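Novice: Based on the sequences and whatever the hints tell you, model everything.
Each protein sequence line maps, in turn, to chains A and B. The first sequence begins at 1 in our numbering and counts up one residue at a time. The second sequence begins at 1 in our numbering and counts up one residue at a time.
Incorrect hints may appear among the rest.
[Stated by the list, open to error] Straight-line distance between alpha carbons at most 25 Å, and here's what the computed SDA-like set of lysine to any residue pairs gives:
id, chain 1, residue 1, chain 2, residue 2
1, B, K339, B, T264
2, B, K74, A, L64
3, A, K2, B, V82
4, B, K76, A, H7
5, B, K462, B, T253
6, B, K70, A, A9
7, B, K370, B, F415
8, B, K160, A, E34
9, B, K392, B, D479
10, B, K53, B, V65
11, B, K262, B, L393
12, A, K65, B, R81
13, A, K65, B, P77
14, B, K432, B, T264
15, B, K387, B, N469
16, B, K60, A, P63
17, A, K65, B, L393
18, B, K207, B, R193
19, B, K339, B, A184
20, B, K76, A, E68
21, A, K2, B, R81
22, A, K65, B, K70
23, B, K504, A, S38
24, A, K65, B, I90
25, A, K71, B, K339
26, B, K70, A, E61
27, B, K160, A, L41
It should be emphasised that the hints constitute simulated quantities derived from the structure, not laboratory data. What you are looking at is a predicted structure, and each value in this text was computed from that prediction instead of being measured.
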Amino acid sequence: MKLFRGHNAELVNHLFQTLLVTYLILLLFEQLWEGIVSVYLNLNYLLILVIVAGILDVFSETPLKPRERVKNLDYWFVVVLGILGFVIIKFKTGDLGWLSWVISLIAGALIVLLSFLVLEERDG
Amino acid sequence: MVIEREKDWDEKFEVWKKQHKRGSWKSRPVGDRKEIMKASEGIVAEIEEKAEKTVEEVEKEIEEVEERIKEYVKNKPLYVRVLRVLAVLIPVLLILYLISANFLVAQNFEYRYDIGSVGENVLTPVERISQSEVMGDVTYRNLTGHLVYFDVPIARGAEKVLVEARIGDDFPSDGKASLGARNAEEWNYLYKRLYNPLLNVGGYQAKGDVYRLNENLPLVDEAGLVNLGGITIAAEEFEPVVNSVNDYTQEDTVIDLHLRGKHTFYVYAADYLEVYVEKEDINWYEGSDELVVVLYDMDGSVIELTQLRDDGIVDSSKRMETTQSGMLRASGLAPGVYKLEFNDFDGLISKIRINSNKVVADKVFLADNKIYGVDTKQSRLYFDYDKDVTLKLMTYHSAGLQKILFNRDGEVEPFNFNIEDEPMYREVGAGKYMVTFPNNDIIIESPEYLAFTPNGYFRPFKQKVVPINSPEWIMDSVDYLITDYVAPKREGDWIVVQTEFDIKEDGLFVNDQGVLSFVFNVPHLAEEGSNYTIPIDWIDVKVYKPGVWG
Numbered sequence: 001m002k003l004f005r006g007h008n009a010e011l012v013n014h015l016f017q018t019l020l021v022t023y024l025i026l027l028l029f030e031q032l033w034e035g036i037v038s039v040y041l042n043l044n045y046l047l048i049l050v051i052v053a054g055i056l057d058v059f060s061e062t063p064l065k066p067r068e069r070v071k072n073l074d075y076w077f078v079v080v081l082g083i084l085g086f087v088i089i090k091f092k093t094g095d096l097g098w099l100s101w102v103i104s105l106i107a108g109a110l111i112v113l114l115s116f117l118v119l120e121e122r123d124g
Numbered sequence: 001m002v003i004e005r006e007k008d009w010d011e012k013f014e015v016w017k018k019q020h021k022r023g024s025w026k027s028r029p030v031g032d033r034k035e036i037m038k039a040s041e042g043i044v045a046e047i048e049e050k051a052e053k054t055v056e057e058v059e060k061e062i063e064e065v066e067e068r069i070k071e072y073v074k075n076k077p078l079y080v081r082v083l084r085v086l087a088v089l090i091p092v093l094l095i096l097y098l099i100s101a102n103f104l105v106a107q108n109f110e111y112r113y114d115i116g117s118v119g120e121n122v123l124t125p126v127e128r129i130s131q132s133e134v135m136g137d138v139t140y141r142n143l144t145g146h147l148v149y150f151d152v153p154i155a156r157g158a159e160k161v162l163v164e165a166r167i168g169d170d171f172p173s174d175g176k177a178s179l180g181a182r183n184a185e186e187w188n189y190l191y192k193r194l195y196n197p198l199l200n201v202g203g204y205q206a207k208g209d210v211y212r213l214n215e216n217l218p219l220v221d222e223a224g225l226v227n228l229g230g231i232t233i234a235a236e237e238f239e240p241v242v243n244s245v246n247d248y249t250q251e252d253t254v255i256d257l258h259l260r261g262k263h264t265f266y267v268y269a270a271d272y273l274e275v276y277v278e279k280e281d282i283n284w285y286e287g288s289d290e291l292v293v294v295l296y297d298m299d300g301s302v303i304e305l306t307q308l309r310d311d312g313i314v315d316s317s318k319r320m321e322t323t324q325s326g327m328l329r330a331s332g333l334a335p336g337v338y339k340l341e342f343n344d345f346d347g348l349i350s351k352i353r354i355n356s357n358k359v360v361a362d363k364v365f366l367a368d369n370k371i372y373g374v375d376t377k378q379s380r381l382y383f384d385y386d387k388d389v390t391l392k393l394m395t396y397h398s399a400g401l402q403k404i405l406f407n408r409d410g411e412v413e414p415f416n417f418n419i420e421d422e423p424m425y426r427e428v429g430a431g432k433y434m435v436t437f438p439n440n441d442i443i444i445e446s447p448e449y450l451a452f453t454p455n456g457y458f459r460p461f462k463q464k465v466v467p468i469n470s471p472e473w474i475m476d477s478v479d480y481l482i483t484d485y486v487a488p489k490r491e492g493d494w495i496v497v498q499t500e501f502d503i504k505e506d507g508l509f510v511n512d513q514g515v516l517s518f519v520f521n522v523p524h525l526a527e528e529g530s531n532y533t534i535p536i537d538w539i540d541v542k543v544y545k546p547g548v549w550g
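Specialist: Structure (structure tokens):
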């Protein structure tokens, strides 16, 4: 059963992705600086929208997308994300002492390596 | 039999292998072999050609499909493009809103806690709160313990918090309530008055936190008080301005009186100060009796101190055997007022000589009475007041009952001091006084000052500052009251009380979760056997967060 097809399906997919990324970014900000979002905006309302958009996307036709080649920039982007992940986890687990360094280093490395795997797969 | 048959097969296989492996291709004629090679090459080339064609075709097909997809994606209808842009605008607008709300625009947050309503459990601990009760159309709970807490979310960058509460006026006559806001990571709260019936400021005009109690004086704010002289201020924190004294000389003031207990003198001095002290232990109680004399500047820093040792008698024999003396010297003093403090000890200060003609105290215990083992002889104190003042007089012995003579500008008025163990009050009008105490053994306290020589009186500060919780006889002479206490608004049997905190100035502690803890402090609820409770209807908290644009 496909609720949306063609351009409409693509629209639903786009909306879902946009809402999901927005929600995740705001959630990250809230985790880093508590109250910066939740005082002004109830993130649960946004989560409901994300879930609804996600369900609609599941029941929609998979949108056609042109094949994109993996570029060097993608690898650099992944490295930047890995460093960012490392910094955030270090910041949040700072109270753990030396363990904080271990956790954040492993997490940063995992982000980079797993993302490289995904990129390699796309390229291959 | 079986073994022989197997041998036979092996031999046959070996013959066959030799024929097919070594002999078959080579055994063929050369012409045959060339033909076969030619034919094979042709077949391989044909197969390769076909394979290449197939790959090219597939690649071409893929390219065509991709081209079609690109074309499809490129030629989106207008409504799709518009809706895509609108979808992107969602996060952009959200982030802009959050930036604006957090940093740019001033915000007011209001949190209202209806304490009596079902499911409202903001107050803790539960054992200090009653179940929900109903009075008319009001639901409420009772505070039954003296420390009851509640938490309030505080937005990042918030500056002020105004807390209002609607409570029942079920206080005893001396009951008070205050609200504390947490000001440290560990358990520590900064308290501000919520309700104090003794601070009846409702009828007075105020400018800022300054209430004018004397209507003959101008209405000023705290900065304005600095310029006013000869006034008395009740305040928790106010730094008075030191008065300049024109008739100061380094002439000796000799206090040739016996004084009992702790005394604090205010001395005007410049450059050099010398204090000579004599003391006699009266040994009424066991233990050693040291007298420590400390000189402070007006910032409260110790400049100099000296100690007079015990007389060697540590029992309670009431023997008085020796007079001891000591000297305190301080040099390099900037002209100004200095505080000279004598500690409480089991003895009498029998003589003080100070090289300043300006020495005053606000409380004096005159002890020239035979009850203390010295001759009873009259003592005199002097003062010069600009306004009406109430003096407090007190004795603990019948020996201290006497007729005190108040001589105002030559006009003598006796005062019959005839009550023991209870304070008596004497109102004196403005004027220059000499007061004679024939029997002594009396404690005299003034909201102003008392001098020991006719010309010794001076007002050390332009503003006399007294504690805000001073007794009524002191408050009678107060001209201004500085307090952030707001008189409660009455609503039938209820009163609405309020207080305000400044998160930065008061150094409040907002935790990592952005929560500030408050505590209701109602001391009389902690008293043993107290049957009091304080009904509370609602709490309203307004948090103000300034923005870049106001």
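Novice: Can the restraint linking K2 (chain A) and V82 (chain B) be considered satisfied, given a maximum Cα separation of 25 Å?
Specialist: It holds: about 23 Å lies between the C-alpha atoms, which stays within 25 Å.
Novice: K65 (chain A) and I90 (chain B): Cα distance at most 25 Å?
Specialist: 23 Å, holds
Novice: Are the Cα atoms of K432 (chain B) and T264 (chain B) separated by 25 Å or less?
Specialist: 22 Å, holds
Novice: Regarding the pair K65 (chain A) and K70 (chain B), is the alpha-carbon distance no greater than 25 Å?
Specialist: Answer holds: K65 (chain A) to K70 (chain B) is near 8 Å, not above 25 Å.
Novice: For the pair supplied as a hint, K339 (chain B) and T264 (chain B), is the alpha-carbon distance within the 25 Å limit?
Specialist: 7 Å, holds
Novice: Measure nothing beyond the straight line between the CA atoms of K65 (chain A) and L393 (chain B); if it is 25 Å or shorter, mark the hint as holding.
Specialist: 98 Å, violated
Novice: Mind checking the alpha carbons of K392 (chain B) and D479 (chain B) for me, to see if they're no more than 25 Å apart?
Specialist: Roughly 19 Å between the alpha carbons, so the hint for K392 (chain B) and D479 (chain B) holds.
Novice: Need the status of pair K160 (chain B), L41 (chain A): alpha-carbon distance at most 25 Å?
Specialist: Holds - the C-alpha atoms of L41 (chain A) and K160 (chain B) are around 21 Å apart, at most 25 Å.
Novice: For the pair supplied as a hint, K74 (chain B) and L64 (chain A), is the alpha-carbon distance within the 25 Å limit?
Specialist: This hinted pair holds, its Cα atoms lying about 12 Å apart.
Novice: Compare the distance between the alpha carbons of K70 (chain B) and E61 (chain A) with 25 Å, and conclude whether the hinted pair is satisfied.
Specialist: 18 Å, holds
Novice: So if I understand the rule, the pair passes when the alpha-carbon distance is 25 Å or less; does K70 (chain B) with A9 (chain A) pass?
Specialist: The given pair, whose Cα atoms are some 17 Å apart, holds under the 25 Å limit.
Novice: K76 (chain B) and H7 (chain A) were given as a pair; does the straight-line alpha-carbon distance stay at or below 25 Å?
Specialist: 7 Å, holds
The earlier numbered hints that this structure contradicts are 17, 19, 25.
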